[in-house]
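Participant: If you want the building blocks of each chain, they are given just below.
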Amino acid sequence: MKIPLSRIAHARSGDKGDTVNIGVIAYDPARHYQTLLREVTPERVKAHFGELVRGNVVRYELANLGALNFLLFEALNGGGTLSLRTDAQGKTFGAALLGMEIEDPESV
Amino acid sequence: MIRIANGQGFWGDWLEAPVRLVEQGPIDYLALDYLAEITMSIVQKQKQADANLGYARDFPPLIGRIARQLKDRGVKVVANAGGVNPVACAREVRRLAPHLKVAVVLGDDLYDRIPDLLERGHALANMETGEPLASIGDRITSANAYIGAFPLAEALATGADVVIAGRCTDTALTLGPMIHRYGWKPDDWNLLAAGTIAGHIIECGAQCTGGNCQVDWRSIPDMANIGYPIVEAEPDGTFVVTKHHGTGGRVHSDVVKEQLLYELGDPERYITPDCVADFTSIHLEDVDPDRVRVSRIRGGPRPPQLKISISYEWGFKAIGTLVYSWPEALEKARAADRIVRERLAGLGLEFAGIYTEYFGVNACHGPAAAAPPDPPEVQLRIGVRGASRKDVDRFTRELIPLVLNGPPTGTGFGDGRPPVREVIAYWPALLEREEVQTRVEVVE
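Line order of the protein sequences matches chains A and B. First residue of the first sequence? That's 1 in the numbering used here, and the numbers climb one at a time after it. First residue of the second sequence? That's 1001 in the numbering used here, and the numbers climb one at a time after it.
The reader is advised that the hints may include incorrect statements.
Just the calculated beta-carbon pair ranges, DEER-fashion [claimed, not checked]:
1) B:1095 <-> A:58: 46 to 56 angstroms
2) B:1341 <-> A:104: 41 to 51 angstroms
3) B:1339 <-> A:104: 42 to 52 angstroms
4) B:1287 <-> A:63: 18 to 28 angstroms
5) A:38 <-> B:1280: 18 to 28 angstroms
6) B:1121 <-> A:38: 42 to 52 angstroms
7) A:38 <-> B:1331: 31 to 41 angstroms
8) B:1432 <-> A:105: 48 to 58 angstroms
Hints are computed from structural coordinates only; laboratory data are not their basis. Just so it is clear, CB atoms sit at the ideal spot from N, CA and C, and this is done for glycine as well.
Whenever a hint applies, use it, and build me the whole structure from the sequences.
Facilitator: Quick look at the structure:
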């Protein structure tokens, strides 16, 4: 069964030039950090954002915080003052990622 | 234990925050962060127009407003409000608050030294693209080194009530007071990393006390009176993140985690002029309501180079909008976008970028947004950027005519055609730290 990522995690996103970073944090790391590792892969994150992310997606692990940090390259239409996007600073990418569907950890 | 508060996450943050931090409870240091990457070019232009300007103009009136409380309560202020003219900023503070002692940190401004640095073989290549700085030649509008916390500690050691820096790192504003009070040494990597991470947590103001927080956001109390963050720092590098009693907002490990991950790159290598901090070593503990204890932080040696923030004249941009109403609002907006693009091509105009969003449908989340069923209205939002002001200006005339000569139900053009804006772009580079010599002056 599928559930949205928002059921088990929260997130915050921001920018550095044309790169977006998204921190994804398990509400209950003991139960769900492993689920994040299994379900929220760089490939799936890149696919979720489609044409919005033109570059690579890289993932870093912070087991101590039950969190993952994603870098999405070439994701802000040039970034900073160059960007023509409404969300030129990538503030809403975290919320967008929480809408991604994952396999329900209770049913795996 | 010392208490360091952050009352300004950026230039334009809540004006009441620093006043309330000083009035609503005990703090020892008030850190105020004014400089975003692009702010330096704005203040550099102001200085070119008037040699007495070139700093965060909100800052001196703020200090004037709280000068008495600062003195009575013994609160010291550490701010990067100096922009490219810390001395002028300090003089204005002295004029408005004559009883305060003010020190400045100088040496970060490299604008006049760029030709010399290039001549001596420093490429100052763009960290993202690898291009040499020479490729933007005479279009540079500002150049500053990010300096660290030790010069701030040196300035505090003069006994100053207010320390004004130019382009220091945001985290240095918090670490500087710790170095000053606890005598931390330049190779105390774990301690410096702890102070740096404390700075990272509070540098965006209320973003670590419940602002912009996704965790059960409806339940965060009294956001109208949100408390700005305070770090209670111990000499051993452990600290508690909290806020004044009775203020709104929430300090909880979930909230702190969100801020720890904000604008983070490689978590094991958070690079500053003072150290490299390891975010994978952080241990968080909710010790009491609105109190999060942070410990076990590790760090490593500082890098041999400093990051340089350069800004330059890139070109021009304009963003225009039109609204289409139900029915088939999205389809009509898409048709209008195709027409605009065809007309621009017909005029022979070429842009470095054209970007279209359908506001209300996909502006924030792009393809990740679920498609709404026939929405009541959609805003077409088209932006262009390019080197030619004339071409960008011509684009701004192409939207409003669509109301009469394009798809039906176009509206929302009441503000006229959009303004053409100059684009000042950002050029990050690296420079050997020996090239940057800071010094502290007390301004009488």
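Participant: Decide, hint by hint, whether the structure agrees.
Facilitator: Hint check results:
no. : hint                                 : in the structure
1   : B:1095 <-> A:58: 46 to 56 angstroms  : holds (50 angstroms)
2   : B:1341 <-> A:104: 41 to 51 angstroms : holds (43 angstroms)
3   : B:1339 <-> A:104: 42 to 52 angstroms : holds (46 angstroms)
4   : B:1287 <-> A:63: 18 to 28 angstroms  : holds (22 angstroms)
5   : A:38 <-> B:1280: 18 to 28 angstroms  : holds (20 angstroms)
6   : B:1121 <-> A:38: 42 to 52 angstroms  : holds (50 angstroms)
7   : A:38 <-> B:1331: 31 to 41 angstroms  : holds (40 angstroms)
8   : B:1432 <-> A:105: 48 to 58 angstroms : holds (50 angstroms)
Figure legend: structure checked against the earlier numbered hints; every hint is met.
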